[in-house]
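Chemist: Protein chains in written order, with numbering that gives the first Met the number 0: chain A, 0 to 637; chain B, 0 to 637.
Honestly, I wouldn't trust all of these hints.
It does not matter which identical chain is used: a pair holds within one copy or between any two.
In silico DSS-like links for lysine-lysine, alpha-carbon gap of 27 angstroms or less [claimed, not checked]:
| hint | residue 1 | residue 2 |
| --- | --- | --- |
| 1 | Lys107 | Lys468 |
| 2 | Lys209 | Lys5 |
| 3 | Lys20 | Lys365 |
| 4 | Lys107 | Lys520 |
| 5 | Lys343 | Lys316 |
| 6 | Lys316 | Lys247 |
| 7 | Lys239 | Lys520 |
| 8 | Lys505 | Lys317 |
| 9 | Lys317 | Lys365 |
| 10 | Lys591 | Lys505 |
| 11 | Lys365 | Lys256 |
| 12 | Lys365 | Lys221 |
| 13 | Lys3 | Lys107 |
| 14 | Lys420 | Lys317 |
| 15 | Lys365 | Lys635 |
| 16 | Lys3 | Lys343 |
| 17 | Lys613 | Lys221 |
| 18 | Lys496 | Lys247 |
| 19 | Lys520 | Lys3 |
| 20 | Lys209 | Lys276 |
| 21 | Lys562 | Lys505 |
| 22 | Lys420 | Lys591 |
| 23 | Lys160 | Lys420 |
| 24 | Lys520 | Lys591 |
These are computed hints drawn from the structure, not numbers from a lab.
There are 2 protein chains.
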Amino acid sequence: MLEKDKLYFVPLYELEELRNKIITSGSDCQVYLNILATILRINILYMIKNAGSGHIGTSFSSLEMMLWLWMMEMRGANDSSIPNSDTFFSSKGHDAPALYAVMVALGKICFNNIHQLRKMGGLPGHPDIHTPFVAANTGSLGMGISKARGMAIANRLRGSKGRIFIIIGDGELQEGQIWESLQPAANGNFSEITVLADLNQIQSDREVSKTSHLGPLVEKFKGFGWNVSCCNGNDFSSLKYALDSRSKEKPNIILAKTKKGFGVSFMECLDENGFYKYHSGAPSDEDYYRALEELTITADRALMASGMDCLLLVCNKKPEVAGVGLRVEKLIQAYGEELCELGKIRTDMVVLNADLVVDCGLVGFKNEFPERFVECGIAEQDMVSAAGGLALKGVLPIVHSFGCFLSTRPNEQIYNNATEKTKIIYTAPLAGLLPAGPGHSHQSVRDISLVGAIPGVTIFEPCNEIETKLALRWAVNENPESTYIRLVIIPVEITYKLPAGYQLNKGQGIRLYTPSRVGSKTAILAYGPVMLGQAINAAREIGADLYNFPWLNFIDEDWFYGKLARYKNLVVVDDHYTKFGLGTLIGAVVAKSRLDIHFSQLGLEEIPVCGQTKEVLRHHQLDDFSIAERITDEFKNI
Amino acid sequence: MLEKDKLYFVPLYELEELRNKIITSGSDCQVYLNILATILRINILYMIKNAGSGHIGTSFSSLEMMLWLWMMEMRGANDSSIPNSDTFFSSKGHDAPALYAVMVALGKICFNNIHQLRKMGGLPGHPDIHTPFVAANTGSLGMGISKARGMAIANRLRGSKGRIFIIIGDGELQEGQIWESLQPAANGNFSEITVLADLNQIQSDREVSKTSHLGPLVEKFKGFGWNVSCCNGNDFSSLKYALDSRSKEKPNIILAKTKKGFGVSFMECLDENGFYKYHSGAPSDEDYYRALEELTITADRALMASGMDCLLLVCNKKPEVAGVGLRVEKLIQAYGEELCELGKIRTDMVVLNADLVVDCGLVGFKNEFPERFVECGIAEQDMVSAAGGLALKGVLPIVHSFGCFLSTRPNEQIYNNATEKTKIIYTAPLAGLLPAGPGHSHQSVRDISLVGAIPGVTIFEPCNEIETKLALRWAVNENPESTYIRLVIIPVEITYKLPAGYQLNKGQGIRLYTPSRVGSKTAILAYGPVMLGQAINAAREIGADLYNFPWLNFIDEDWFYGKLARYKNLVVVDDHYTKFGLGTLIGAVVAKSRLDIHFSQLGLEEIPVCGQTKEVLRHHQLDDFSIAERITDEFKNI
């Protein structure tokens, strides 16, 4: 019986026993590999449930490929101390839990790390080379084949015969960089590169075919000069056959048909609304125990059929989920509601999306106005330029992707649109440092700098549900130019209120807190629910005034001089790198003002770490306690 | 006889006569279209020679396509006042002189504009929708099909039956966005989109096949679900046949084989070193008159064979070329020399390039170390991620493309590499406002903001040849992290000197000028030869001290306080948008310093205009006179 306050994992000695069986069993090894795959799924499930988030579906679809490569195919995998060692990495990267499970089973990383997924100093949500034997940082899609070619060029220059194996996803095939990278690899005859395409047929939201159909793949890859073979990627024999049929002249791609969530029956299916529930995030308790039970039964059957003992698991206390019972606000939900409201009146609005319909709060609009909803797939450049074309023909496009992708991939496309002086709204959820579990590929902490200098694009970050709705309404109905809306995606407990009848005034902030009616000598400026939440505690602690300043690249200097000239000390707290964040811009205004203000900036000074909310805020000294302490240290006289 | 101090063009009435012949001649129209094409080439040649720069080769290869589309195929071309009007734009955009020549011949833009190519208020170097009947801003490659799809979606929503015709280049096919955009257009059955691929087989430097071979194209486009046909793009019958064979279910691509430089025999060929001389820039006097003579003879023969008068041209005085006889410095040349020097010792250096071997000064390195030179074609994302792969394997990659592209297209790829903390050098010529002839797609005035916040990447812009060499040497041998080198590409007369034995100290500037040995109350900080050249004149005029401050995202605060605390007034002159340029960063340092300094910033406040050097500097108030005046106005007490 599984106890519902515990999480379960397979201990090291069970893994080692199977590993030895595989090594010593010769041609029968696939029986044991299958068992190992099943019990590694138990550990993957554990890691993700324990972490509170992670990608189950893609970890399960790619596991057999990783296992076969690492155990049966590669020479000295990712171990540069071995001459001619082979290299492996996954370009999609969100299958990291599968990679870690395999590496743990092989003793490449310490077993105890399975308790440390997405925790500081543990295993990051997406791969990072600072973990032993990880070959490349991935997590943003489409870069894999290019990186592999670079590695292969270096190998050739150094006389190494090491081969490169990478896994890419099928949703990932929508990214232009994949296709940009194919022909150069064929032109250079990089047969040392083998790409395994994990065709699990489901991307972030739903089926690839219904998101942005890929069309015929064999013809495509052949058209780019690659050797193509096909297999069942969850079947070791089929995989082996495909790997053995590689070309020695051309780069090789193996189109490996797999099942997303493979190994757990109910995780292989879409839900009743046609969405896939197990792409990211942790499974519910119910799903966790159900999946665990199914995997355990499968493992036991196979173990006992092979004359081995049935499986013993080890359990740990189930971690408490932070924030349960708090009255949180959900900015994405508020955004989605307002989008529908506005869409009823503004029939010129067209919503574009890059495979994040749920995460961007677009389900309502999509259902209500299907003719004005354009699903672009994971193709941000195409999406943003298409928005440009729409705007040129008099439509109001509202473009959606995570900030880390929307501000970067189509950066030049956003600028190109801006030079046409059309009006476009760019909405970028997943803004800022949190959640920190996915790691630096997903932490959008550069987007103020990336979009901020573009003439005619105003950046706004709302601090609660009400301001989110106001922001969208302002962008749609009032701003004659373009707007980039930065949205925190995690639900946040909000301990401040905007005044009744609050309206947006471009470039002006609003005082949220003062310790006394005569005000403080010190003002803190922040924006967004994450940093305002920390800053208000700090302000209460040290007795400072707190302002919400949601305009991230525009400052109304009259307001600034009028409201802020009275302060002796001014500090800006950025949910962004300090360099070229809002603080930098406000610093320049302070310098120009000639006011005798002691100015300071807080924000990120280094690439953000992966981890849980509290530890990450503390690490970067952006939690309430650190903010209070740093302000006190800096200003002395508050 | 052609006079060698004159430039020649075909007057409007000759064009109108031919236009009438074409309209009234029915099926014989192709005879007259051919004559019109020849004489429009005379005007294209005139426009480019008169402007001092422009793209001859691609204008000549695409001219027949544009002429046929605008005169014979499209309904109400780009005229939104006509119901169901068709839309045309060129995605590559550098064939703008051909477009303008056609539009002038059709009376869509005023004839006198032919004298105003690349001049302020005239016709921009790349298309801009603020010119009448221009449908989209282009100039950065690969966006065309995406924009066309956006336009088509808008047309469908509004019930317009307008079709979209675009031209793309063959070098452009190396860009990933092209391939990203294909399948969505096929999935949506956008048969109203017709793409003409101008396969002139030569890209910026040389043959496409030798730069980055495209492989088989018919198979590729078919693999993405497009209807493909082929034709001779310089032959009207062949073009008509291909256009008539379009599909009504699928989007259409016509692979139009053309000749770059078509119509002038010697402009259809590579030079003795295998490079193509007529991609950009103005032709030499010798080439101009030779081409003009050939075109005139061709036109006369055809005119007289058709019973028409031989051609009369109108002439204008040949404009003087600015800067002749000045002692200029060429930073790109210095860079290329130093790259070769360093390459001899540092055998771990690998140079990567995106089809700009000449413009980036890489001919020497390519010839001397061919095994360490990787030509990537116009594929910046692929190039930067490949550099990431090389660096992971212990190589020092040095990556090249124009700043406007290198800081944008692969922005996320640069960041991804930075998170791996490997060392890579990014070299970005064409930095800053000048040359302003190509227009805003090529003016790299956002790259400090785009790269500046990336941890571990230092931005440096040298001010002369010596500092260029020092910068590269520092990046290769001293900086343990990555460097982004911003290089002005135009030869500049330098009127300042760096002190003997000058060395780079990270984050520290150097005083270049003081009006008196006791110094001024006012300091100007600038960087790069363009703005330092203007600023030193301003400093002399108003009696200010001038500092070269080449570190664009890092300030040594000790140096800053030590050297600059003495000034009452401090102004930073940015060759970049003011917002999030060096000035913003220095402003924040001033604010933090609590020094009683009156601070000010000069730089770009709006999207830069296209034009000639002097008028553009003056327009943006960044010429020496304006700088002096603005500083005087701002500070009063200097």
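Chemist: Next step is simple, just say for each hint if it's right about the structure.
Modeler: Each hint tested on the structure:
With identical chains, the CA atoms of Lys107 and Lys468 are never at most 27 angstroms apart, being 49 angstroms at best within one copy and 44 angstroms at best between copies. Neither within a single protomer nor between protomers do Lys209 and Lys5 lie at most 27 angstroms apart by alpha-carbon distance, with minima of 38 angstroms and 62 angstroms respectively. In this assembly of identical chains, Lys20 and Lys365 lie within 27 angstroms of each other by CA distance neither inside one copy nor across copies; the values are 52 angstroms within and 53 angstroms between. For the identical chains of this complex, Lys107 and Lys520 are neighbours neither inside a copy (55 angstroms) nor across copies (63 angstroms), given an alpha-carbon limit of 27 angstroms.
For the identical chains of this complex, Lys343 and Lys316 are neighbours neither inside a copy (49 angstroms) nor across copies (61 angstroms), given an alpha-carbon limit of 27 angstroms. In this assembly of identical chains, Lys316 and Lys247 lie within 27 angstroms of each other by CA distance neither inside one copy nor across copies; the values are 51 angstroms within and 63 angstroms between. When the C-alpha separation of Lys239 and Lys520 is checked against a cutoff of 27 angstroms, the pair qualifies neither within a copy, at 71 angstroms, nor between copies, at 76 angstroms. For the homomeric pair Lys505 and Lys317, neither the shortest alpha-carbon distance inside one copy (47 angstroms) nor that between copies (51 angstroms) is at most 27 angstroms.
In this assembly of identical chains, the alpha carbons of Lys317 and Lys365 never lie at most 27 angstroms apart, being 37 angstroms within a copy and 60 angstroms across copies at closest. Proximity of Lys591 and Lys505 under a CA criterion of 27 angstroms is satisfied in both settings, with 20 angstroms inside one chain copy and 26 angstroms between copies. With identical chains, the CA atoms of Lys365 and Lys256 are never at most 27 angstroms apart, being 29 angstroms at best within one copy and 43 angstroms at best between copies. For a Cα distance limit of 27 angstroms, the shortest separation of Lys365 from Lys221 qualifies neither inside one copy, at 36 angstroms, nor across copies, at 31 angstroms.
Taking the shortest alpha-carbon separations for Lys3 and Lys107, neither the intra-copy value of 31 angstroms nor the inter-copy value of 75 angstroms comes in at or below 27 angstroms. Within a single copy, Lys420 and Lys317 get their C-alpha atoms no closer than 54 angstroms, and across copies no closer than 36 angstroms, so neither meets the 27 angstroms cut-off. Neither within a single protomer nor between protomers do Lys365 and Lys635 lie at most 27 angstroms apart by alpha-carbon distance, with minima of 53 angstroms and 59 angstroms respectively. In this homomeric assembly, Lys3 and Lys343 never come within 27 angstroms of each other (Cα to Cα): the closest approach is 46 angstroms inside a single copy and 66 angstroms across copies.
Neither within a single protomer nor between protomers do Lys613 and Lys221 lie at most 27 angstroms apart by alpha-carbon distance, with minima of 49 angstroms and 52 angstroms respectively. In this assembly of identical chains, the alpha carbons of Lys496 and Lys247 never lie at most 27 angstroms apart, being 66 angstroms within a copy and 57 angstroms across copies at closest. In this assembly of identical chains, Lys520 and Lys3 lie within 27 angstroms of each other by CA distance neither inside one copy nor across copies; the values are 53 angstroms within and 74 angstroms between. In the homo-oligomer, the alpha carbons of Lys209 and Lys276 lie at most 27 angstroms apart inside one protomer (16 angstroms), although the nearest pairing across protomers, at 48 angstroms, exceeds that limit.
In this assembly of identical chains, the alpha carbons of Lys562 and Lys505 lie at most 27 angstroms apart only when taken from the same copy (15 angstroms versus 38 angstroms across copies). Neither within a single protomer nor between protomers do Lys420 and Lys591 lie at most 27 angstroms apart by alpha-carbon distance, with minima of 29 angstroms and 36 angstroms respectively. In this homomeric assembly, Lys160 and Lys420 come within 27 angstroms of each other (Cα to Cα) only across copies, at 25 angstroms, whereas the closest approach inside a single copy is 52 angstroms. Both within a single protomer and between protomers do Lys520 and Lys591 lie at most 27 angstroms apart by alpha-carbon distance, with minima of 20 angstroms and 16 angstroms respectively.
When held up to the earlier numbered hints, the structure conflicts with 1, 2, 3, 4, 5, 6, 7, 8, 9, 11, 12, 13, 14, 15, 16, 17, 18, 19 and 22 and fits the remainder.
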